[in-house]
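Chain residues, written in single-letter form:
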Amino acid sequence: MSAASTAEAPAYVANTSVGRFTDFVDERVGGSGILREFGRKVFPDHWSFMFGEVALYSFVILLMSGTFLTFFFDPSMAETHYAGSYTPLKNVEMSVAYSSSLDISFDVRGGLFMRQVHHWAALLFVASVAVHMLRVFFTGAFRKPREMNWVVGGVLLILAMAAGFTGYSLPDDLLSGNGLRIIDGVIKSIPVIGTYISFFLFGGEFPGTVIISRLYTLHILLVPALILLMIVVHLFMVVVHKHTQYPGPGRNDRNVVGYPLGPVYAAKAGGFFFIVFGVIALMAGFFTINPIWNYGPYDPSPVSAGTQPDWYIGFVDGALRLMPGVVSGFHFEYIIFGHVLTLNVLLPALVPAGIIFTVLFTYPWIERWITKDNREHHVLDRPRNAPTRTAIGVAGFTWYSVMWAAAGSDLIATHFHVALNDVTYWLRALFFVGPFIAFAVTKRVALALQRKDREIALHGRETGRIVRLPHGEFIEVHAPLDEYKRYKLVGFESLAPLPAQPNEHGVVTRKENRRAKLSRWFFEDRVAPATPAELEAGHGHHEAVEAGEGQKTLSH
Amino acid sequence: MKALSQKRRHPLAAIALLLMGLLLTGGLYAVATTVNEAKASTAEFTASDTQEGEKLFEANCATCHGMGASGTQDGPSLVGVGAAAVDFQVGTGRMPMQMNGPQAYKKPAQFNDTQTHQLAAYVASLGAGPAIPSEELLDEKGNAAEGGELFRVNCAMCHNAAAAGGALTRGKFAPALADVSGKHIYEAMATGPQNMPVFNDSNISPEGKRNIITFLKQIEANGSPGGADLGALGPVSEGLFVWIAGLGVIIAFTIWLTSRTS
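Chains as they are written, first to last, in our numbering: chain L, 1 to 556; chain G, 1001 to 1262.
A few of these clues could be false.
[What the hints assert, rightly or not] Quick list of simulated restraints, FRET-style, between CB atoms:
id	chain 1	residue 1	chain 2	residue 2	range
1	L	Ala479	G	Ser1259	19 to 27 Å
2	L	Gly354	G	Pro1197	47 to 55 Å
3	L	Leu235	G	Pro1102	53 to 61 Å
4	L	Ala162	G	Pro1197	33 to 41 Å
5	G	Val1153	L	Ala269	45 to 53 Å
6	G	Ser1259	L	Asp482	48 to 56 Å
7	G	Ser1259	L	Ala533	30 to 38 Å
8	G	Val1153	L	His339	43 to 51 Å
[Unchecked claim] Facing chain L, according to a computed beta carbon distance under 10 Å, are these residues of chain G, among others:
id	residue
9	Phe1151
10	Ser1181
11	Gly1182
12	Gly1192
13	Ala1228
14	Asp1229
15	Ser1237
Hints are computed from structural coordinates only; laboratory data are not their basis. Even glycine gets a Cβ: it sits at the ideal position worked out from N, Cα and C.
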């Protein structure tokens, strides 16, 4: 393929038949040009850069296993009597959808394995998307020029959740039916249009006879197509922006240090696909997921204890569980002109998710506005070097996790032998104070780590060797760091608060004042990296550590 | 007839009528409930069983349940709870209770089978109540599919559709049903121990109870066709597993893959 065969040199004839064949193809599609361009794209190596790949590979596995499942699944809600080989359900009345899901599990060769591959891959897909986004957030990779790609990633997260939820409901078993009923309740709680949407969606009163086939169309057609489209946009932007890199010697915002795609990275990435596939296959082979035969067919009357959605919808379920019906005589349900407004369903179901996704989508612009930073950033922040951002992220994650944990409140109660009510009370308290505690603790930990870095950069590593000097003083010998290690500790930018700036008319607007206030809140606690002068002078005593220029003294 | 019509305006007529009505409904209720419970009665108790049971009761149970099982502040009266209640509570180790709390925990039984039988004989002698079920109701040869439907409608909201158990309010819980004997399952349904409601024979017929036991034993014997069941706890344990084990292993691989360079 690498034979020099371009349109300008038609006289060239390859020696072997393979060479002639590849030449023929290349002259018509220009493969070598594409390969030359992409094969030389450089990717930096770090384990935390691979979660996006995990998500991509999980998605490919989902497409393959899902295609297999469509061969046997029948999304009909027509009633039938089970006649398959699972005896505890023999002759039980159920929908064709549930019956065909049972047939996939028990009567199609390899069907149960494929179902489990599909479901485990789905859980891993959303989990790797989430971890990938956390990595991007905490390293500041969403900054210019990647804000739009961050938004595309957020859309992908929502699409992944939508794909998961539509799939979760398809087997029409008791568990998924209970989940669907909760969604129906949430939809119906939307004022004015809620009941109309519900009747439109379910084709009449819940559960109706059409919802499974409608969800099926969304699940195998619309949602995956949108995911594919977004993945293409996402990867295209990655190619345009090039990959970010962690700070290190020789790395800056104008270069990318790493391996070229071909051959090293292509080999690694290709191998990694099979690793992900292997891990999913092992999980599917050895661990049950969604044992639909346990749950029985859906019927609106029974509700099983321990009914939960898959993990990615858990936080919404948890918020619903945390919402009190009445708070010391204050009700959350009103009847206005004969219409019921149930805030105790509407608020928990839509508000936390709304806040999380609004902040998630707008955060790059919020930070950009506060810092007035219009430069391109290709070198990442270590999370400790952006203490306030890291603290905001951890606070948000804590808030999410409290709701997430609340979705399993009943299992926490039974497995730790505590009262369900107490679990709920504690989680309600944590819902409000947890993020603040997490913010304060994280920020302090980040600042402390920065100070430790500074101290090590200035004085080197403690060797544990104590030396007595001729005049009697004891000192511990510090070994100086090599330059590469030291660069990692000092080569970062520590932003300072940016005071309010007058606009072109010389006026400091109120908005600008607000921005300055936020900027102060963001950057007032900071540890400046050790300057070359300090490093030069730093091999003395410990007391010098705190005396960085322009550094605010931190209280302990 | 004439005498009756003359006396119907008597001042006491209303009271007499009320009394008759109460007697009739009360009597019917008593007959109906005993008819329900008496069906399953098979265990034969001898007089010596009852006597031995009384001794055991006075030594071990009377502190809370009172002399003659008439109840105290610390424990309810056991008159009329029947042999089935004793066999369940004592046979599963829930009684004597380890400590006061929202619910008695299952623990190794404190009395052997003979002693449990004697205690049951004594309590059964105090008043009619649900009896220990006969063998043919526990043969696990009923209709599992019908049992499954009954289980999902009546039991799954507390015990979970896969009988893995679930939480109730304020520290109470519905236990998992794996490894519980068919006899104890039957007795629990008939007597409603702890926080469980009573499913008497007009709620769920003895045949229905037999089907439920068949269903539970069959899903237990089936095991988990898809591999390790992760506690049969549904999406919570699955999510925990994918985050910790699934992502954990993959992170280990990513570190391995990128470990050659800086």
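Now the hints, each set against the structure:
A C-beta distance of roughly 25 Å is found between L/Ala479 and G/Ser1259, which places it inside the suggested range of 19 to 27 Å. For L/Gly354 and G/Pro1197, the Cβ-Cβ distance of about 40 Å falls outside the hinted range of 47 to 55 Å, so the restraint is violated. The given range of 53 to 61 Å is respected by L/Leu235 and G/Pro1102, whose C-beta atoms sit roughly 55 Å from each other. Between L/Ala162 and G/Pro1197 the beta carbons are some 40 Å apart, a value that agrees with the proposed interval 33 to 41 Å.
Checking the proposed 45 to 53 Å range against G/Val1153 and L/Ala269 shows it holds: the Cβ atoms sit about 52 Å from each other. Checked against the given bound of 48 to 56 Å, the beta carbons of G/Ser1259 and L/Asp482, roughly 20 Å apart, lie outside it. For G/Ser1259 paired with L/Ala533, a C-beta distance near 36 Å keeps the hint of 30 to 38 Å intact. Look at G/Val1153 against L/His339: about 33 Å separates their beta carbons, and that is not inside 43 to 51 Å.
Because the smallest distance between the Cβ of G/Phe1151 and any Cβ of chain L comes to about 8 Å, under 10 Å, the interface hint for this residue holds. Interface hint at G/Ser1181: violated, since its Cβ lies 19 Å from the closest Cβ of chain L, which is beyond the 10 Å cut-off. Given the 10 Å rule on beta carbons, the hint for G/Gly1182 is violated: about 16 Å separates it from the nearest Cβ of chain L. The criterion of a C-beta within 10 Å of any C-beta in chain L is not met by G/Gly1192, whose closest approach is roughly 17 Å, and the hint is violated.
Nearest Cβ of chain L to the Cβ of G/Ala1228: about 5 Å, under the 10 Å cut. The hint holds. The restraint placing G/Asp1229 at the interface with chain L holds, with a minimum CB-CB distance near 5 Å, inside the 10 Å limit. Restraint check, G/Ser1237 versus chain L: the minimum CB separation of about 8 Å is within 10 Å; hint holds.
Checked against the numbered hints above, the structure violates hints 2, 6, 8, 10, 11 and 12; every other hint is satisfied.
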